[in-house]
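Trainee: Residue-level listing of the chains:
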Amino acid sequence: MPLNIDFQQILLHLFNFAILAGGLYFLLYKPIRAFMEERTRAIEDRVKAAAHQMDEANTVKASYEEKLAALDQEMEQKRREAEKDIESRRQAALNEAKKEADQVMIKARENAEKERSIILEDAQNEIRQMASKATEKLVRDSLNNVYDEFLDKAGSPRRQDG
Amino acid sequence: MDSKRKKRFLIMWVSLLVLLLILIFLMPSAHKTETIQEAMKDAVLHEDNKVAFLGMEVNPSIASDWVIVGVLLIFALAVRIFAIPRFKEVPGKFQLLLETLVGFFTDLAKGNSPHRNQFLGGYLLFAGVYIFFGTTFELFGIQWITTQGYSISLPAPLSDINAAIALGFLSYGIIMSGGIASNGIKGIGLTLKDFSLPISMSFRLFGALLSGLLVTELVYFTMGLSFVLPVVVGILFTLLHAIIQTYVLTMLTSVFYGEVSEKTTKKEKEVTAS
Numbered sequence: 609m610p611l612n613i614d615f616q617q618i619l620l621h622l623f624n625f626a627i628l629a630g631g632l633y634f635l636l637y638k639p640i641r642a643f644m645e646e647r648t649r650a651i652e653d654r655v656k657a658a659a660h661q662m663d664e665a666n667t668v669k670a671s672y673e674e675k676l677a678a679l680d681q682e683m684e685q686k687r688r689e690a691e692k693d694i695e696s697r698r699q700a701a702l703n704e705a706k707k708e709a710d711q712v713m714i715k716a717r718e719n720a721e722k723e724r725s726i727i728l729e730d731a732q733n734e735i736r737q738m739a740s741k742a743t744e745k746l747v748r749d750s751l752n753n754v755y756d757e758f759l760d761k762a763g764s765p766r767r768q769d770g
Numbered sequence: 038m039d040s041k042r043k044k045r046f047l048i049m050w051v052s053l054l055v056l057l058l059i060l061i062f063l064m065p066s067a068h069k070t071e072t073i074q075e076a077m078k079d080a081v082l083h084e085d086n087k088v089a090f091l092g093m094e095v096n097p098s099i100a101s102d103w104v105i106v107g108v109l110l111i112f113a114l115a116v117r118i119f120a121i122p123r124f125k126e127v128p129g130k131f132q133l134l135l136e137t138l139v140g141f142f143t144d145l146a147k148g149n150s151p152h153r154n155q156f157l158g159g160y161l162l163f164a165g166v167y168i169f170f171g172t173t174f175e176l177f178g179i180q181w182i183t184t185q186g187y188s189i190s191l192p193a194p195l196s197d198i199n200a201a202i203a204l205g206f207l208s209y210g211i212i213m214s215g216g217i218a219s220n221g222i223k224g225i226g227l228t229l230k231d232f233s234l235p236i237s238m239s240f241r242l243f244g245a246l247l248s249g250l251l252v253t254e255l256v257y258f259t260m261g262l263s264f265v266l267p268v269v270v271g272i273l274f275t276l277l278h279a280i281i282q283t284y285v286l287t288m289l290t291s292v293f294y295g296e297v298s299e300k301t302t303k304k305e306k307e308v309t310a311s
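Going down the list, the protein sequences come from chains A and B.
Residue numbers for the first sequence follow my numbering, beginning at 609 and rising by one.
Residue numbers for the second sequence follow my numbering, beginning at 38 and rising by one.
Simulated from the structure, these hints should not be mistaken for laboratory data.
Here a beta-carbon is modelled for each residue, glycine too, at the ideal position from N, C-alpha and C.
Hints may contain errors.
Unchecked claim - In silico DSBU-like links for lysine-lysine, alpha-carbon gap of 30 Å or less:
| # | chain 1 | residue 1 | chain 2 | residue 2 |
| --- | --- | --- | --- | --- |
| 1 | B | 125 | B | 223 |
| 2 | B | 230 | A | 656 |
| 3 | B | 223 | A | 656 |
| 4 | B | 130 | B | 147 |
| 5 | A | 722 | A | 707 |
| 6 | A | 638 | B | 130 |
| 7 | A | 675 | A | 686 |
| 8 | B | 125 | B | 230 |
| 9 | B | 223 | B | 147 |
| 10 | B | 230 | B | 147 |
| 11 | A | 686 | A | 669 |
| 12 | A | 638 | B | 43 |
| 13 | A | 707 | A | 692 |
| 14 | A | 638 | B | 44 |
| 15 | B | 78 | A | 638 |
| 16 | A | 692 | A | 669 |
| 17 | A | 656 | B | 41 |
| 18 | A | 692 | A | 675 |
Unchecked claim - Chain B is faced by these chain A residues, among others (derived, beta-carbon under 7 Å):
| # | residue |
| --- | --- |
| 19 | 617 |
| 20 | 643 |
| 21 | 647 |
| 22 | 648 |
| 23 | 662 |
| 24 | 666 |
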């Protein structure tokens, strides 16, 4: 055969190849590949479990966020109600204060009016007394004058009639 | 050691080397048992040097095969018994090396052949490991006694065309088995379509190994080139074409296996309303 090709040699090589291929397949390839696949499967399972847990955690988180949002809304409503309440109380207190102030003013005005009338009356009385005293004095003075005149006239030597 | 003594030592060492070189080239060499033509012809054809096996005279590449198969099987057995049961989820260096090796051929098989790739991966591991170690085997220079009583250095098994043909046809047979397993009789037809494949695979392997071998043989034969250069030529070339041939044959096998093992779907005939 050309190039020293020998079928017996080829078969001997094939025999060796068959031994080596079988040996490497069963001793090395299959167990290592099985180990790697098993590990890959275990890791995939863990990844799936982690993803499942993540989903659950996300669901819980979403529900908590929902609750928090509802709570926020409730708090806002409560705050508004409290503000409204405070506003109404403030308004009531303000009205009350205003009313009291009005009453105080009315009372003060009444007192002032009363005092003014008393003062006025006193002043009138005083004026009246003064007027009376003045009139009395005037009258007395005029009477004295008249009397003096009379006495003067009466004391004179001739009397016209009497 | 001070610099003066160091310099003196260096000068003496270099002088000794030069003297030895001069003596080597001046001394008449012993009678060469074979010419360069004979050496290269024997390296290619393996006609002269034979080794004994079960009463038969076989090429030395068969002995190389025994050594490689023996060493690899003992290694695989040791790994199976001692290493694999101690594998951990986070691999150590040795486990990582083995997993990378198996993972490389598994990925090659899966990538090129989506169907029936477990068997293919196993075959690719064998072929890859065999070609790599079969090629680098020549670096070890293991001595063997021929039937004529001479001592020879065992060659790379694939430098024997019989080994290359065996591996080429085995790969072709594996490809055909994939075709038959997936498509039955049609698989044989699909594989036979590439009838030149086993020849091309065999001769590619043989040619690659042979060219490297001839270059190194030529280098080793000439005394003047026996210093430093064989280290570069022998190791670098051998490693380079070992890796290249490993990748080429395993990739070709997986690509053709994937092609013939792909299930052919029957085209549905369009039913037209008459």
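Trainee: Within a Cα-Cα threshold of 30 Å, do residue 125/B and residue 230/B meet the stated pairing?
Mentor: violated (46 Å)
Trainee: Tell me if the straight-line CA distance from residue 230/B to residue 656/A falls inside 30 Å.
Mentor: violated (46 Å)
Trainee: Given the hint that residue 692/A pairs with residue 669/A, does the C-alpha gap stay at or below 30 Å?
Mentor: violated (34 Å)
Trainee: Regarding the pair residue 223/B and residue 656/A, is the alpha-carbon distance no greater than 30 Å?
Mentor: violated (42 Å)
Trainee: Given the hint that residue 638/A pairs with residue 44/B, test it: the Cα-Cα distance must not exceed 30 Å.
Mentor: Roughly 60 Å between the alpha carbons, so the hint for residue 638/A and residue 44/B is violated.
Trainee: Does residue 648/A meet its interface restraint, that is, does its C-beta lie within less than 7 Å of any C-beta in chain B?
Mentor: violated (11 Å)
Trainee: Verify the proposed pairing of residue 656/A with residue 41/B, using a straight-line Cα cut of 30 Å.
Mentor: Violated, at about 72 Å.
Trainee: Has the given pair, residue 707/A with residue 692/A, been kept, meaning a C-alpha gap of at most 30 Å?
Mentor: holds (22 Å)
Trainee: Hint check: residue 223/B vs residue 147/B, CA-CA at most 30 Å. Holds or violated?
Mentor: With Cα atoms ~22 Å apart, residue 223/B and residue 147/B stay inside 30 Å; holds.
Trainee: Between residue 675/A and residue 686/A, does the CA-CA distance stay at or below 30 Å?
Mentor: holds (16 Å)
Trainee: Is the hinted pair residue 692/A and residue 675/A satisfied, with a Cα-Cα distance of at most 30 Å?
Mentor: Holds. Residue 692/A to residue 675/A sits at ~25 Å (cutoff 30 Å).
Trainee: With chain B as the partner, please determine if residue 666/A meets the hint condition of a C-beta pair closer than 7 Å.
Mentor: violated (28 Å)
Of the hints listed earlier, those the structure fails to meet are numbers 1, 2, 3, 8, 12, 14, 15, 16, 17, 22, 23 and 24, in rising order.
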